[in-house]
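Residue numbers for the first sequence follow the numbering used here, so the first one is 19 and each next one is one higher.
The hints are simulated quantities; they were obtained by calculation from the structure and are not laboratory data.
The hints are all genuine.
As a list, the in silico DSSO-like pairs of lysine-lysine whose alpha-carbon atoms are at most 27 Å apart:
(1) 196 to 211
(2) 416 to 386
(3) 66 to 122
Distance windows between CB atoms, simulated:
(4) 40 to 435: 30 to 40 Å
(5) 241 to 344: 54 to 64 Å
(6) 27 to 337: 25 to 35 Å
Just so it is clear, CB atoms sit at the ideal spot from N, CA and C, and this is done for glycine as well.
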Amino acid sequence: MSGKIQAIRGMHDILPEDTPRWQHLEALTRSLLDTYGYQEIRLPIVEKTELFQRSIGELTDIVAKEMYSFEDRNGDSLTLRPEGTAGCVRAGLEHGLFHNQVRKLWYMGPMFRHERPQKGRQRQFHQIGVEAFGLPGPDIDAEMILMCARLWQRLGLANLRLEINSLGTPESRAAYRKVLVDYFSAHQDQLDKDSLTRLENNPLRILDSKNPDMRPLIDDAPEFSGYIDNESVEHFQSLCEYLDRQQLNYVINSRLVRGLDYYGRTVFEWITDDLGAQGTVCAGGRYDGLVEHFAGQPTPAIGFAMGLERLIGLMESSTNRLPDSDPHAYLIIAGDEFRAAGLALAESLREQLPWLRLVTHLGGGSLKNQFKKADKSGARLALVLGADEAASQEVSIKSLRDQAEQERIGQNSLAVHLAARLQAV
RNA sequence: GUGACUGUAGCUCAGUAGGUAGAGCCCCGGAUUGUGAUUCCGGUCGUCGUGGGUUCGAGUCCCAUCAGUCACCCCA
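Input sequences plus hints: build the corresponding full structure.
Structure representation (structure tokens):
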């Protein structure tokens, strides 16, 4: 019996105080995706380890050291999903969803990465992922980005910066990678420790180094613009034109690489400076080769994921109000002998007013105590049923939020009265 | 994985040069035996994160461990 049981490190409970904000975020996103023609897909949280190894990339941090992997009873290696795209592609292939057709899908749920927790970074976190399959052109790239912008607007989030870049085709990127490796290898003595390991794993990431001492070396490095293929350039230019036409602000960040191996061509990130070091709130890009990589037909694809904890963090400082979730009314029962009548009255009201948020006081107690609970619940009105009311088939109604006079209403006209009174406010 | 700081009632925190814990909020009761939110009075609440060690004695010092926070790294 020593020690209390605690949640796993980096895995947090989302408490009743916070769930209204989550529900609001989820509901707004759902309805927006619906209006853009996306369909929900629900996916397992556990997949074969191999799925992630083969899609995300063996050398990425996610696969190399952050996966929650374990052995199934039959010896298979399974993994708690660290991201959603791989599972979505797997499911789509398994059920033939991509066969000669366009698919626009979304999913929502927890992801798991064994990282050191810090602000905006947990071991279990939540994403909404959005994927579009079968569309090769830059129009879908633009629409996805514009859809994000619309979501931020509806959520009341400002101060989000859009950064975009093109990674080109795998071939052009490989050519550039080789040039970069040659360049940095020739100056190995000037590389810091992190950059030396990146030279092995992901040389493009060296360009992203935050170490000011590396600045001169990086500034002199060869630019990708000399190696990117023409088609990718055209694709990117069209995307920029579409965004310009909608007057959406963005910055082209030629250093923007994405962490996962499957990205190519368009990549984008929505970034905030209000959340500390983990400022990326939403990010994605094209992954035209991934479906084919899993033995499917060549299928162009693009997708992005939003980090819900990070968005919630921004919503907390937003002035946008959440939908009201306090009870409309609180039923006070004065006298234990009226409990049955109270329950009956409440059920009758629910029958007549399905939208009514009504809390019935359970467990008895003094009238004073029940009024305290009514006030604390946030309810607008207190309904009182006691000996006097029962005798005349009435209910007393007292406003808890203003000075309106308390009144007595016949029980059979109560629903009509409440409907008028609550909807007038 | 590396580093810094932190861990005392449900919550926010105090705790002086080491001498076996305190405040506010919350909750409950009363001042009005059918009326809340204000006011006044009273009350409950802790193995001081956990495990060792030093000491006559540790919330206070040391070590370990767990967790939180922030940064590096990485990423949503």
